[in-house]
Amino acid sequence: MRPILEARDLTKTYRTGEGEVEALRGVSLAVEPGEFVAFMGPSGSGKTTLLQLLGGLDHPTSGEVVLDGVSVSFLDDDRATRLRREKTGFVFQAFNLVPLLSARENVALPFLLSGADPASREIRSRVDDALRLVDLEAKAERRPAELAFGEQQRVAIARAVAGRPAILFADEPTGNLDYSTGLEILQYLYRSCTERGQTIVLVTHDAQAGAFADRVLFLRDGRVLEEIAIGRRAEHPARPLIERLALLGQ
Amino acid sequence: MRAPARLGLRILRRRPLRTALTIAGIAIGVALVFAALSVDAAAQSGAQGYAAQLDGRSDLVVRAFGEGTLSPQSLSTISGTAGVLATSPQVRRSTFAWAVAPGGSVATRSLGALTVVGVDPASDRAFHDETLASGAPLSATDDAGAVLAQPWASAHGLGVGSRISVMGGGGERTLTVRGVLAASGPALADGGRLAYVTLTSARSLFALSAGTADLVEVRVDPAVGVAAVETRLETRLSAEPYLLSTTTDDAASLSVASRDVGSGLLLVAAVVLFVGALLVSDALAMSVAERTREVALLRSVGATRRQVHAMVLVEALGLAVGGIVAGLAGGAAITAALVPLVGSITDAPVSGTPLDAGALAVAAVLGLLVTVVAALGPAWQAGRVSPVEALRATPALTRSSGAVGRSAIGGAAASVAGTAVLILGGAVTGASPPASAGTIGSGPVGTFLAAAAVALAFLLLMLVAGLVAPAVLRGAGAVIAAAAMPLRRPLAAELRLARGSLSHDPARVSVAFAALAVGLGLVVALAGIADGMRRAGDAWISDVAPVDAVVVAISPVPDSFGADLAGVPGVASVTSLRVFDVAIAGRQASAVAVDPAAYARLGALTFEAGTRESAFAALQAGGAALVPRSVADRFDLRVGDALSVRTATGEETLRVAGIVAHGLPGASGESVVVSQSDASGLGISGASMFLVSAKPGAAGGLAAALSDVADRYALSVVQPSAIGGAVTGALDRTFGLLDVLALAAVVVAVLGMLDVLLMDVRQRVGELGLLRAAGLTRAQAWRAVVLEAAIVGLAGSVAGCVLGVLGSTAVLGFGTTAGLRLDVPWPAVALAVIVGLGGAMLVSVYPARLAARVDIARALRAE
Ligand SMILES: Nc1ncnc2c1ncn2[C@@H]1O[C@H](COP(=O)(O)OP(=O)(O)OP(=O)(O)O)[C@@H](O)[C@H]1O
Ligand SMILES: [Mg+2]
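Here the protein sequences come in this chain order: F and D. When we follow the numbering used here, the leftmost residue of the first sequence carries the number 777, and every step to the right adds one. When we follow the numbering used here, the leftmost residue of the second sequence carries the number -15, and every step to the right adds one.
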């Protein structure tokens, strides 16, 4: 099968006042359709940077990203934006929602931005579908400020999957949550993967989160240090992964 | 205390653009206040200097009443009065002049109106210093010579040796120019249209008896004093009516005109400064809100509440100092530009750009005070930030709805404090404090009340604006959405974001909205008031002179001239009028003699008391008068009352046969209407004006047709509206000037709008990053910001227009008995909408660019 996402020899160098920071030093990877991949690694290892390059939010210093057959790294801004709108969904650690829009409107946002009529039956049903996936139909009309943090993250997941994107990127979506709420969020992500065949790339430094993935890429100093295959299972025990990571000095 | 000060200043440096905007807001206000006070001071001193130049060394002037003269007996009484050091009698009359070709004897070229001044050269020199530009001074016996004033002479190509012909009651005379006076001293009067001749020559030109004069200039022994001499003259002069005036009276009447301009300027300047204050208050409040976390952090590491207050106040102080320095420099430039303009509005020429020290001090103190008072609210707000906010994940970036009220109260408090300084400053510099628009400030109490009313009205306006802002913004959003209907699908996302952002946090924009509304309201109100005044003038003229053209004479001409005018093709009727001065109950007033039947046929006059038929019949029968409302009020007259009028040549008691809404404008207000036969009993005859109606369809070419005959008799043909006086021209210029200044308030408001949008974009960087990640294009981000500005601009314009129309209606309704009439000054409304909407959208381009250029990766990390 052709990979849905492919990165070839990505590097990223940030220029700062004091000099240059090499955040990525040559990363190559491939993600198959329907796969759930997690990036782990210590703080500063380049996880967020990698995710942003893969999602077309930033340009690499060198190397190339191919998303669903399209090379995203050197698209102009408008094309990159359209590609994001049509082929990707994002969930960040916090502030995922536009405060002035209701939960439903936040989920419908990609459609609104593409100029589609959010009131049309087709789009309404897609939005309802997505809300149902995260069990939030009842609270669809609330503003983000009126939702619990975990619920806000669920709305973010609904938005990320509503457009049936080729790939969903999540950057520490459970970072601000308590243990059980975090677990709940992971369950919803996992459910989108199993029920809808959603491809997911998750950034986390929590082994419990990583344990939901089919495969974990461990980054350090801007390189992929290790690839840990987990495979799909009904249970997601964290212990085996923790033991593997411990071997890496983590 | 030093650490917070350094922090406060660093905040200003960290946000250079916002700092510059706020400084610009203060600077424009300070500049206008400084300029208004400076121009006022310049106009006042100009008026005084002008009066002093005209009056020379005379302390008192005794003038003959109306068209009468002072008899030789009066002249010798005056010079014989104890305390009078010297006198100089003058004949001073207006006439027309023609140039006489060299060698010829026939007048060839009309020179227009000219004031002939007959003097005794020797005694005149004791009163005035004359500087000759060329030629020789007038000699006492040279009855065929004349001395002209330079600007007029050179404008008409006249010089020493030229000959001019002048017309008077005694026939025509040819005079040879002996000398030309430089434009100074008395040669400034009447715009320099002056010809000095000997007394003898002037008397024979105007057919006056030997030894008489129109006026006498008097120099008083300082040991005796002007007041004492005045009293002595009043008891001794009894031969004929006269008017006494002192040099100070003249200067005072001259400075009234410039004082009105000064008041208007100051009023507008104050509003601009208040709008500025509001924006300072808002900018500081937003800056505090934005830094809640930072302030909390400072508090948690041990900064006291006082230190936090100091930090905000130092920030304000920095803004004030910047604003004051820039404002004073700008004010000096504005003063230099305005001084010639004001000179053209008032009678007295204003020259130089005296940068008044008092004005400078008042403007600086005002700028400082208004800024610091406006900062008190935000400082207090910052002091209340609790250290625990530092630990909260989401600091309260958006402001509560109470914040609008607080901004409004802060701005209003600053306005009240500012008004107090203006009044104090006015007292110190002697400049006039703001009077309420359109009226002349009367007395210190009235002025204070007017100023207090302005501040109070401002407070109310801001509070109301804060309250209605959400609703008006929603309405404007709906209007713009409807206007974008054809494009609705492609614009839907932008519209949703713009409207959502406005309704989500109306506090953020409602101050900018209110400031815009107040500024534009001022523009529209001023235009409405000017329109209303012009309309009232037009209505008045068409009431008293319902004709197609008016032919006016500079001095009275025989009634028979009217017959010649009636012979002009296209003329349907000619009615002759004679406007003259009378004394009613010892006070000067105006009267007009009419042919009652002819005047009634024109349909002139509106009766408020008494019926038209009976009143004109009584006028025809004789012994009756029609009294304009203003005169009736002044002398407390009712229909049937006896009215005793006096002229230089007679006295009569007339019965009031009717009260009319308006009378013809005369030298001393509106004229009492009497019949020609009663006028001749008062020694008044002839015509000073002819009302001409055209035959149907002939109105177009009437003026041209009349001017041939009119020229022959040295009459001039004018539009009926012109008899309203040159007032309208000055009115237009005054209001034009005020409108320009009101636009400055709009500029300040638009700058505030830019400030708000910049802050808005900065605050929402994270949200923008998120939207961009979710697929918002750069163009969409750009359009969302511009649309947001368009909504605020439209809302501000509409609110401003409503405010302005209501305001001008109230002001106009206050001044008339006719009741309220809602008139919309459409051009000004259109201008307001264009400036408000266009200005807001224009300044939004930069913040919109910032929004479009948000670096997604960085924006997402910042959260
Ligand atoms: N805009 C930037 N400018 C300069 N350096 C940057 C920038 N963004 C990231 N970096 C640096 O790049 C490196 C990788 O950062 P990145 O955020 O990708 O790490 P991370 O693995 O996501 O860390 P964490 O687990 O803390 O989120 C770090 O050293 C960071 O300091
Ligand atoms: Mg990260």
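Errors might be hidden in some of the hints.
Unchecked claim - Example chain F residues on the side facing chain D (calculated, C-beta under 10 Å, incomplete):
(1) SER847
(2) SER849
(3) PRO886
(4) GLY891
(5) ARG1008
Calculated from the structure, these hints are not laboratory results. The beta-carbon is built from N, C-alpha and C at its ideal position, and this holds for glycine as well.
Hints, verified against the model:
no.	hint	verdict
1	SER847	19 Å, violated
2	SER849	13 Å, violated
3	PRO886	5 Å, holds
4	GLY891	5 Å, holds
5	ARG1008	28 Å, violated
In this structure, the earlier hints numbered 1, 2, 5 are contradicted, and the remaining ones agree with it.
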